[in-house]
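Participant: So the chains spell out like this:
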Amino acid sequence: MSAGRALVVWCPDWPVTAMGIDAATPGAVVDGDLVSACTAAARAKGVRRGQRIRDAQRRCPEMVVRDRDGDAEGRLFEEVVAAVAALTPRVEVVRAGMCAFPAAGAARFYGGEEALRVLVQDTVVELGHDSGVGIADGLFAAELAARADGGGVIVPPGGDAEFLAPYPLAVLDRPELADLLRRLGIWTLGDFAALPAGDVAGRFGADGGRAHRLASGAAPRPLAPSTPDTDLSVQTEFDPPAAQADQVIFAAKRLAEQLHAGLRAEGITCVRLAVEVGFADGRVQERLWRHEGALSALAVAERVRWQLAALDLTRQPADAEAAWGGVTWLRLTPDQPIPDEGSQQALWGQVTVTDRITRAADRIQAMLGHHAITRPVLTGGRGPGEQVIRVPVGDLPPGSTADGPWPGRVPAPAPAAVPSKPPAATVTDAGGAAVSVSARCALSAPPAQLAVADGPRRRVTAWTGPWPVSERWWDPAQARRRARFQVVTDEGRAYLLALEGGRWCVEGVYD
Amino acid sequence: MEARGPVGGLTSGDVVPVMPALRPVVPGRGLRPGWVIRLGGPGAAALGAGSLGLALLAGASRGGAWCAAIGLPELGVVAATEMGAEPARLLLVDEPGRRWPDVVAALIDAVDLILVRPAERPSATAARRLAALARRGRCVLAVHGVWPGAQLSLRTDTVEWHGLGDGHGHLQGRRARVVAEGRGAAAPRRTAWVWLPGLDGTVSPADAPAADAHPSLEVVA
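Taken in order, these protein sequences are the chains called A and B.
Quick note, the first sequence lines up with residues 1 to 511 if you use our numbering.
Quick note, the second sequence lines up with residues 1001 to 1221 if you use our numbering.
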C-alpha cells in the first residue's frame, strides 16, 4: 500500500539547540529533575536522556543546564519549517525538531531523491542547525533513516521492512511492550514483525497491533478509504483584524474545542491538522501539524502561537503588527480522517466491549483479510440486496446515504435471506411452458410451478406480479428493466423472484 | 424506538434478551449465556429457520447486545432491522470457509450472540470445544444445521403466508407455530404462534388460526 515516499527532516537534540546551547558545549535541558535532552558533547561524557540531573552533573560538572521550554522549541523550529516550506509545499510538523513532507513530487522536481535529500539538508544547515534527512516509504522508517549514519540515508522503495529489521524495540517508544517482548526473547523489530499479526493483536491489543504494523514497515493505521461528506473544518473571523497574537491564540483554543467536538460527533479523529491564518494584506499562511487524535485544544492553540511567532522572528518587534496587518481569519481543517476508537468507546457506553470487538476483528482480519469482517450499513435502494452495504470493521462508513423515496421498492416485510449471487429459477405455467412477460408487462400465463436452481419443482399456491422496475433508463450502459414477483410454494416458502432479459432468478427468500 | 435494556452492551451475568413474542418458547427470562441453540432441522423442519435466527438476533441486538453472523452471506439485514435489530451492533463474517471454528472462537469473547452456519458438519470434539468456549465467553451460539449436544432446538412446524392471492396483493406476514425442544432445564416441549414476520416486518404474538381459516394456504409440514 505504498502511497508514496516520505522525507523526514530531523534536527538532533532540538530541545537543547532551542535553548541556544551549541552542540560542542556540554549542555542539557531538564524536565523536573530528569535530563530530557543533551548535546553531543555532554553525551560523550556519559550524560543520557532520562538520567537524574545529579547523576549527569557528577559525570560532567561543567555542563550548562537549562529548564525545558517547549514554547521556545516550537517557535524556533518554525524557522526551519519555513525554510523547508520554501522548497516544497505541504510540510507537516511532526513535533518540534522534526518535520516531514511527501517526497515523490519534490524528488522529481529537484532531480532525484539524493539531490533532494542533500538540498534539504543544506537548507537547514545554512540556518545554523545540524540536521539529518531521510527518505523511505513510511514516516516511521523515514524518521529512523533521518537519524541513521550521520546525516541520514535513503531507504529504497519497498525496503522499509528490511531497513527496520535490525533496530532494537526501543525505537517503538513503547517501553512496556518492549519489556514484555524482550522477556519473550524478541529483541529487534525484525523478530517482532515476524510474529503473526493476528496473535499480536490478540495478545497485545490494538496498540500492540499498531506497533506491529510500524515494525513491519506498514502504515500504523490503515487510512480511511473515504472522507466524510460533511466539512469538519472550523473558521473564525476577526473584525477588526486581530493585532495581538494573544487574541488569535485565544480564539484558536475555542476553535480547537469546536473542531474536536465536531470530530467526536462523527466518531473520527484526524492524522494531521491544517492551520491556516489569513492576514489583512491577503496573505495566507498554512501549516500542517501531526495530530493523531493526541492534541488537546490547548496544544492546538500552542501550535498556532508557534506559527505566528515565526513571523515575529523575522521582523522588528515594534512594527510586527503593522507588518502582518493583523489576522483577519483563522481556519482549522482536519486532514486524513481515521476512525476514533477512543470516542467510539464513549458512544457504545462500555469500554471493554469496543476493545474486545476490535481485538476479535483484528484477529479475523489477520486470518481472512481486511474485508472478511464487516458491519452492515443501510442505504437507499429498491431491491433487498441494494439496501445494505458492508463496511469492513475499522473503515469509516460512507457519509450521508441517499434516503429519498424509492418508487418500486419491495414492500415490507423484507426477505429473511438475500443471496449475494441470485440463483437461477425456472417458472412454468400449468402447461409446463416457461412464463414470460411482454414489453408492456403482460404476463404470458399465471405461474404454476417453481424450481430453484436444480431443485425439485414446487407447486405455486399464491403469487403476485409483475412489478416492473426500470432503473437508470437514462444510462444505456447501466439501464436495467426487471419485473418482480412474489410467489408462495406448496412447501410453505415464499420467494421474491425477478425476471430480467427472459431469465428468472431468486432475489430473496422469505425463509 | 423504545429502549429495552442498557444501550451500551450487556452487563455480565445477564441473560441475552429475547423478543417478547418468543418468550413463551424460551425457558427462563432469555437465552442463557453459553447455550447452543439449533435452528431448524432436516428437510421441511428447516422452514423458517432463517427468520428464527433473525428474530433471536433482533431481540438480543435491541436489548443492547452485540451480535455476529458467521457463514451467512445471504443474511437479510433489512429484515433483521425491521424486526428491531440494530445494524451498528452487528458484525458479519460472510465467507469464513473451513476456518469457521477459528472465527467463532475469535468472536465468542467479543459478542453476546453468534449466528453461524458451519461450512461442514462439526465433529463432536470441535462442537464440545466451541461450546466450552461459549460458556467461558458467556456467549450464545445459534447454529443453522446439525450440532451435537445443543441445549435448545427451535423450529417452526406449521406456517401460512398471508396477503398473496392469485396474481394480486403482496406478502403481508406469515403466521407460524414455533416449537422449542430442549434438554435439561429446557426439556419440556413448548409451542407458540407468532407472526414471523408480521405486516411491518416485526415479530409479534399471533392467535392460533381458526380451523377453517385459509385452508388453501395452510401447509402442514
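Honestly, I wouldn't trust all of these hints.
[As the list claims (entries may be wrong)] To give an idea of the chain B side of the interface with chain A (calculated C-beta under 8 Å), a few residues:
{"no.": "1", "residue": "1050"}
{"no.": "2", "residue": "1051"}
{"no.": "3", "residue": "1131"}
{"no.": "4", "residue": "1133"}
{"no.": "5", "residue": "1171"}
{"no.": "6", "residue": "1174"}
{"no.": "7", "residue": "1187"}
{"no.": "8", "residue": "1193"}
Everything labelled a hint here was simulated from the structure, so no lab data went into it.
These numbers were taken from a predicted model, which means no experiment stands behind them.
Cβ atoms here follow ideal geometry from the backbone N, Cα and C, with glycine treated the same way.
Participant: Let me make sure I understand: some of the numbered hints might not hold for this structure. Which ones are they, in numerical order?
Facilitator: Violated: hints 3, 4, 7 and 8.
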